[in-house]
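Protein chains: 4
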Amino acid sequence: MTLAIGVDIGGTKIAAGLVSEAGEILDSVAEPTPSDATKIPAVVADLVDRLTGEEKAAGIGIGAAGFVGEDRSTVRFAPNIDWREEPLGQQVAALVDLTVVVENDANAAAWGEFRFGAGEDTDDLLLITVGTGIGGGIVHRGRLFRGGFGVAAEIGHMRIVPDGILCGCGQRGCYEQYGSGSALVRDARERVTNRDPGSEAIAALADGDLSRITGPGVTQLAQDGDPMSIDLLGDLGRWIGEGAAVLATILDPSVIAIGGGVAAARDLLLPHVIEAFETHLPARAHRPQAALRIAALGNEAGIIGAADLARTEPTTSRGVA
Amino acid sequence: MTLAIGVDIGGTKIAAGLVSEAGEILDSVAEPTPSDATKIPAVVADLVDRLTGEEKAAGIGIGAAGFVGEDRSTVRFAPNIDWREEPLGQQVAALVDLTVVVENDANAAAWGEFRFGAGEDTDDLLLITVGTGIGGGIVHRGRLFRGGFGVAAEIGHMRIVPDGILCGCGQRGCYEQYGSGSALVRDARERVTNRDPGSEAIAALADGDLSRITGPGVTQLAQDGDPMSIDLLGDLGRWIGEGAAVLATILDPSVIAIGGGVAAARDLLLPHVIEAFETHLPARAHRPQAALRIAALGNEAGIIGAADLARTEPTTSRGVA
Amino acid sequence: MTLAIGVDIGGTKIAAGLVSEAGEILDSVAEPTPSDATKIPAVVADLVDRLTGEEKAAGIGIGAAGFVGEDRSTVRFAPNIDWREEPLGQQVAALVDLTVVVENDANAAAWGEFRFGAGEDTDDLLLITVGTGIGGGIVHRGRLFRGGFGVAAEIGHMRIVPDGILCGCGQRGCYEQYGSGSALVRDARERVTNRDPGSEAIAALADGDLSRITGPGVTQLAQDGDPMSIDLLGDLGRWIGEGAAVLATILDPSVIAIGGGVAAARDLLLPHVIEAFETHLPARAHRPQAALRIAALGNEAGIIGAADLARTEPTTSRGVA
Amino acid sequence: MTLAIGVDIGGTKIAAGLVSEAGEILDSVAEPTPSDATKIPAVVADLVDRLTGEEKAAGIGIGAAGFVGEDRSTVRFAPNIDWREEPLGQQVAALVDLTVVVENDANAAAWGEFRFGAGEDTDDLLLITVGTGIGGGIVHRGRLFRGGFGVAAEIGHMRIVPDGILCGCGQRGCYEQYGSGSALVRDARERVTNRDPGSEAIAALADGDLSRITGPGVTQLAQDGDPMSIDLLGDLGRWIGEGAAVLATILDPSVIAIGGGVAAARDLLLPHVIEAFETHLPARAHRPQAALRIAALGNEAGIIGAADLARTEPTTSRGVA
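Residue numbers (this note's numbering), protein chains in the order written: chain A, 1 to 321; chain B, 1 to 321; chain C, 1 to 321; chain D, 1 to 321.
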């Protein structure tokens, strides 16, 4: 059996797993992300060492939030880590005797869902990962869609409201300002600040400190039956669904999977996503319609997908040995 | 030399051409589109006969406005022709001794531009065809992007304004309601109706009959220096560019070509497209940027591309012989 | 007791009533609106003759859809009747021995509601009349708010969506394109055309002919419990409420009354209006809030208000005698 | 000659002036606004003492940013000063032997412009004051329009973009997020951050520190011919004009004056305001049109107007003597 290693480099944590050909994580380790970005390759190499031991892995796949170049080694830009044109794949490959492939984290997760999760039965998958932001990954005809410069599927920054809410990216009206967990939290806080009728339960959650209002907190309230929290998740689902309809107009996927932390709300969210999607899909009476699903692999999609990419895709950065 | 035939079936005219391997149209013929859609295959077969004569063509590619199924033979739905789940490829193949492949017309044009036109130097092309509506075609890694059900790249119906202008597709705020030739004409007429200051030249064009205001007419006025017509083309360019920025966020093409009738305005349009594109592209300081160009093949892109698809893509519908 | 006559000139019907000082309609008559607009004064004069008989009225108030000049006699422009700078008040006064005052129909209705209806307990009323379009009337400190040129309170054409749905007025995104009975009907038809899930009951109403879908029909379905019809009225109510919040930001009325045909939906509509209003009112925690109510006088508000204006406001056009 | 005192209480400065019946400021004094809001009445009383000396003033008018109650003494809420239901008029009146009237600062400025400035020739004025935010004041038929609760004309918080930019008021898409000096500065900074082509001159202004980009700085660049700065002022003017068209649809003023700091840009701004206003005014071919002007009194409008209100309007809070 050929094993591969998947690594997920996030703003706060670097997680790695030893992944089987069947997409199972056999072992996993993690370390905090060092604040000095130049130390990241060494941390990754150390995690790889701890995972491999006697075993020999076929390669390393790294998923990282940011723009990854066509060489699949260089991180052009990352929003949360101080990387600019950073040859990450080469740096890691220089420390380990393995081939390394770097991919955008949402692309890696999409690949994982395509191979072993919500997209296992299709060749044309769109993954929408909804966490504090929105990420995306596209699989078309069984291949990852990377675009001409490696930065395709930055769907969180698709403009859905002209002159809309300002985004950290410098633009206005980006999808993730409406359809993400951060949007949910912001809206919940607004309701409390405005003392909107019905916001009492959320206000109680805050208890005078708005920072106590979190996505999981609102989701829990909704699960406990609080009408405004249910409404807020409904609003969130509608925005996600409206954006999904735009994406389907362009990409025509067979399956759209909703992943990320927000996916935990499941039945409080998905029906609203589907309703908004169906209502806003152009010419829907005349076309087959994508299946909308909650993603299957949870937080592990990125590690599983990155590992699999290292195994199935042509290598990019070769190790020292 | 292998020749192939490209056919472009429009709402008013069916045009066909004999196309060389180099993408040159060696001969061309056309007939009006019969109002009875069941007669279309016979008209196509007749045009093919007239083109082939002694020559033997390698195959027929047909571009048609509408949703074309994954089988690349069936037209699921066409906005201007009475087709619903019409097995067009099989119908034509039954009349001629050649393989037939059917493709969405904008997809065919994109393929033509990719092979012989504005995308000749890239593997990742987005074609935006701007006529009375907006169509689109995507080439990724040298292959046509069809989506899971064959209806990808329906970019004219991408929503760019929530609760925006009603579209014939039943939705609101579709790209083609803002960035097409029809939008240009509608806006020009509004200015005249509202007696906006500066609309005198356009009003003179109408001379009491708004239907005399056309896209080419406004473009001519702009070329003659009429400030409001220049402004209207600028507005049009901005909308096209803003939509292109959304598309680039999702698709990350290396080249974006602007085709269709509106492309004739060239320098009155393209700088505004580019400026709006650059202004609205997220994180543009951190990414390579697509080249924006006027398409190279004009109205012939569809015929050239369709013919080439018949030659280079696996056949779908086989002829009778 | 001083009686006065109120006249309501609509696109299809001219209705007139003999109105008491207490705002009661003692007698009423009506005639179809002549297609030749020049015959309207004669029809009005005839209706007045039939109403007055032995009684002597104090004056005539006429409400007409359109822009009424500061002289309160001239109709500058009417959307449904062929009037341009028409001296309507003088024309009627020339035929009857009574003073005549002309007012915009929604202004007249607002005055009626202020004097005898939903605004009886306030000095600061905003009336929003929601029928096929949206009209408005403002009473401030007990006086009708006419603006500098007599055309204030054209709230149906307040832009609430930039680049939004086209309006007959030549602009886009007007309030009445979202919050009127016509919008309700348009949306219901769209749902049927798009074959949206849940639209079966409305489709049954149409029975193949979309023109059978009407506002009262959808309201009846909603009252019978059809979920999509209930939703559509909810959407309508939300738009009305969002627009009302904009208006309250500018006008700060004490009472906002919702009149017009749509008001018949009452409890299916008003709670949504109120919720949207409260959610969208800026700084609502720090200000007294307008009371939102269904208007009290129904279709008679215009006649009652116009008659009262003739009695209580300085006269403009004096009769022949 | 009856003199009156006008006071303008801002977030950083309290300015007061002795104002003649002709609207001339004969003498003026100022002090920093104390951080402890309870000390404001004493500071005002001291300024009044310094101004009056031997002279006897007819009364004191105070303009303050915030919601002023119908009693014209109580400040219900102020965005920048810690006032909640503060009886400011009574507090000041308790310290001076004069009648005191409190008014919203933009209302006071509108009154000043109406009496002695840009609205001297009309009875129906709308003042739009464009500074860091947007304020407004309405004069109708020669009287100040206060609304039912005293908080009319909060036009800066009129929603002009649904789901638009978040505002400090808790809502989205408020006018002042698009048409104010803050919006100008924010947009200029975005251009630099995004490294937009043409933003070099503004970037030089920043010289690495975005906070150095200010409204006056951009205006100066525009006056020196920098194309992007000229464009940014054009954008600002368009937003102001579009909002003005909404306001005119509701209020139908004869004159609209643009005041506040941004008015200093004059010819770089006003033509764009007018063009956008005319383009967006509904049915403009059929109605008289408001004159758009730069306000005449500059920063002194509030003091002049407040003083005049103290003289011409019924008093509210009477002094101790």
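In case anyone wonders, no lab produced these hints; they're calculated from the structure. As the structure is a prediction and not an experimental result, all values here were calculated from the model. For every residue, glycine included, the Cβ atom is placed at its ideal position computed from N, Cα and C. The reader is advised that the hints may include incorrect statements.
What follows is a list of derived Cβ distance ranges for each label pair [stated by the list, open to error]:
| id | chain 1 | residue 1 | chain 2 | residue 2 | range |
| --- | --- | --- | --- | --- | --- |
| 1 | A | 35 | D | 35 | 35 to 43 Å |
| 2 | A | 11 | B | 289 | 39 to 47 Å |
| 3 | D | 46 | B | 285 | 47 to 55 Å |
| 4 | C | 11 | D | 217 | 53 to 61 Å |
| 5 | A | 26 | B | 20 | 50 to 58 Å |
| 6 | B | 20 | A | 46 | 31 to 39 Å |
| 7 | B | 82 | A | 24 | 25 to 33 Å |
| 8 | A | 225 | D | 38 | 40 to 48 Å |
| 9 | C | 197 | D | 142 | 52 to 60 Å |
| 10 | C | 141 | D | 11 | 29 to 37 Å |
| 11 | B | 82 | A | 11 | 50 to 58 Å |
| 12 | C | 143 | D | 30 | 33 to 41 Å |
query = Can you name, in rising order, the numbers of the hints this structure does not satisfy?
reply = When the structure is compared with the hints, numbers 2, 6, 7 turn out to be violated.
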